[in-house]
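Student: When you get a sec, could you build the whole thing from the sequences and use the hints?
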Amino acid sequence: MIKIAIFGFGAVGQGVAEVLLKKREALRRLIGDFRVVAVTDSKGGIADEKGIDLSKALEIKRRRKHLPEGITTLDVINSLDFDVCIEVTVTNIENGEPGLTHIKECLKRGINVITSNKGPLVVAYRELADLAYRKDARLMFEATVGGAMPIIKLVRNDLAGNEIYAIKGILNGTCNYILSRMEKEKLTYDQILAEAKELGIAEADPTYDVEGIDAAAKLVIIANSLMGMDVKFEDVERVGITNITPEAFEVAMDKGYTIRLIAEVDKVEGILRVSPRLIPIQHPLAISGTLNAALIKTDLAGDVVVVGKGAGSKETASAIISDLIELYRCRA
Amino acid sequence: MLMTIVVELKDQPGQLLKALEPISRLGGNIVSVYHQRDKITPLKRIPVEITIQIDERKVEDLIEAIRRNGVIIRSYNEVRLTATTSLLLIGHIIHTDLGDTINRIDSTGFAEVVDMHISMPQLNQPSTAMITISATNEENLKKAIDILKKTCREKDITVIEPLELQ
Ligand SMILES: NC(=O)c1ccc[n+]([C@@H]2O[C@H](COP(=O)([O-])OP(=O)(O)OC[C@H]3O[C@@H](n4cnc5c(N)ncnc54)[C@H](OP(=O)(O)O)[C@@H]3O)[C@@H](O)[C@H]2O)c1
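Just so you know, the protein sequences line up as chains P and Y, in that order.
For the first sequence, our numbering assigns the number 1 to the initial residue and increments by one for each residue that follows.
For the second sequence, our numbering assigns the number 1 to the initial residue and increments by one for each residue that follows.
Hints in this document: simulated from the structure, not taken from any laboratory.
One should not assume that every hint holds.
What the hints assert, rightly or not - What the simulated footprint calls covered on chain P by chain Y, stretch by stretch (three residues with Cβ under 8 Å from a Cβ of chain Y suffice, anywhere in the stretch; the number is not a length): (1) 238-244; (2) 254-260; (3) 268-279.
Stated by the list, open to error - List of simulated lysine-lysine pairs, BS3-like, C-alpha gap at most 25 Å: (4) 314(P) with 3(P); (5) 232(P) with 149(Y); (6) 10(Y) with 267(P).
As the list claims (entries may be wrong) - On the chain Y side, residues computed to face chain P include the following (Cβ under 7 Å): (7) 84; (8) 88; (9) 90; (10) 119; (11) 130; (12) 158; (13) 161; (14) 162; (15) 163; (16) 165.
Keep in mind the model is a prediction, meaning the values are calculated, not measured.
A virtual CB, placed ideally from N, CA and C, is assigned to each residue, including glycine.
Tutor: Here's what the structure looks like:
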């Protein structure tokens with residue numbers, strides 16, 4: 001019996017809960033019997049070693065905005081017996097908290113961790129990977145980069161044995177939406193940003209996305225986890241998209257280019273940066289809308305390109321569930 | 001165009017000036033002067049390699065003028081620029097001394113701005129330019145891009161680099 005605890009019950013936490021409910025039988029066939037023993041949010045939680053009623057937890061969260069008070073995530077870690085935690089609390093790339101403590105405390109106890117939370121990995125990837133190794137636990141984080149677009153396990157499993165020279169990608173769907181709309185509509189950055197906010201694609205404060213912070217955080221995770229590097233967020237050369245004008249697209253188009261925000265890590269050239277780049281219009285990275293994409297340069301397989309949905313609660317849940325199956329498939 | 005001239009100078013004061021004077025007179029820019037002291041000729045002349053930037057149509061006059069000054073010209077060649085790329089600049093390109101921006105590339109001696117397409121801005125709005133740079137090789141092209149980026153950082157101009165150098 002696999003016992004699962006979910007920390008964080010926002011869009012992603014709820015998305016995971018829904019998939020666990022909806023696909024219960026299919027998942028059982030893949031990983032064997034499982035039950036959710038705890039869910040927590042910032043104010044409280046529900047926990048029971050015998051298993052909690054997920055649909056009821058979802059209903060409570062939706063109706064009352066918060067889970068019942070009186071229990072914290074750390075209480076759950078300290079007092080409950082479980083095998084794997086799904087850490088989907090808020091991102092904080094300054095110090096990784098609260099996720100960093102959650103993940104460390106779980107790994108210390110030999111509990112496997114699956115996370116969509118970039119913060120802890122950006123701040124302390126190496127420390128966490130070492131801790132997991134020492135405690136014989138596993139740290140899975142497919143959902144931190146590219147949402148549903150496969151990249152972490154793709155490189156680790158399917159491209160295993162390859163040396164990864166470089167990865168160039170579109171890792172922020174909000175920026176890609178804004179740029180591809182500017183390209184098509186010839187409207188200003190501010191006009192398209194307003195549209196994106198209205199559609200819920202951009203946050204009220206879009207800084208995190210449009211200044212390339214989110215993409216840079218993902219780039220750090222990629223560099224450290226897939227390319228054996230040891231870089232920090234501050235090492236990323238970063239330029240956002242706020243200065244891009246409709247005229248820039250026109251001038252670029254005349255020469256057969258479009259403009260996209262590209263996150264690039266290149267071990268050979270020593271490049272680690274997020275910046276708007278000229279992309280030939282027929283290039284596989286010249287994608288439109290909120291999609292994410294990555295071009296992976298390897299020694300054996302040559303170039304590999306992936307494209308997929310970079311965000312969304314169901315899409316992110318997809319990456320988390322695939323990590324869960326990867327962890328436990330052999331038991332079935 | 002970018003060219004190198006190798007002259008042989010007597011080891012006496014004032015010799016170099018004889019070779020350089022016609023360059024500035026004809027509107028050329030001296031990029032570098034390199035004394036090849038390890039290659040002194042049997043007649044004790046020092047080969048000096050001069051790299052300059054000059055209007056293509058003035059090259060013949062220049063060579064003629066240097067010779068008339070009594071300087072021996074061993075060879076002269078156009079420097080071939082084999083690596084090229086285009087970049088996009090967004091910002092107050094014209095008001096921040098465009099000439100200076102271009103000159104910082106042209107004065108390297110290994111790269112030059114070969115094409116520039118500016119989209120004229122509305123009043124006080126940032127303008128956009130597609131700038132094409134050529135260099136003697138890819139390594140130097142990268143150096144030129146770094147110089148451009150540094151210059152543009154100073155001038156608060158956004159540089160959009162190509163995904164790959166082709
Ligand atoms: N949404 C996406 O498409 C997406 C895609 C990839 C990765 N991610 C990442 O996945 C994570 C979750 O995203 P989201 O969209 O679900 O965010 P969200 O809707 O803001 O949810 C965050 C959740 O974390 C909870 N939380 C905060 N502090 C906590 C604590 N100390 N203990 C337990 N829970 C705590 C919040 O509680 P309250 O409900 O009480 O506020 C909330 O339920 C973030 O790190 C995000 O960057 C999201």
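Student: Run every hint past the structure and note whether it holds.
Tutor: Each hint, compared with the structure:
1. 238-244: holds (count 3)
2. 254-260: With 4 residues close enough to chain Y, the hint holds.
3. 268-279: Held - the segment 268-279 of chain P has 5 residues with a Cβ nearer than 8 Å to chain Y, which meets the minimum of three.
4. 314(P) with 3(P): Given pair residue 314(P), residue 3(P) holds - Cα atoms ~22 Å apart, limit 25 Å.
5. 232(P) with 149(Y): Holds, because 23 Å separates the two Cα atoms, which is no more than 25 Å.
6. 10(Y) with 267(P): violated (50 Å)
7. 84: violated (12 Å)
8. 88: holds (6 Å)
9. 90: Holds. Min distance 5 Å.
10. 119: With a closest approach of 5 Å, the residue 119(Y) hint holds.
11. 130: holds (5 Å)
12. 158: holds (4 Å)
13. 161: holds (6 Å)
14. 162: With Cβ-Cβ at 4 Å, under 7 Å, it holds.
15. 163: holds (5 Å)
16. 165: Cβ of residue 165(Y) sits 10 Å from chain P, so the hint is violated.
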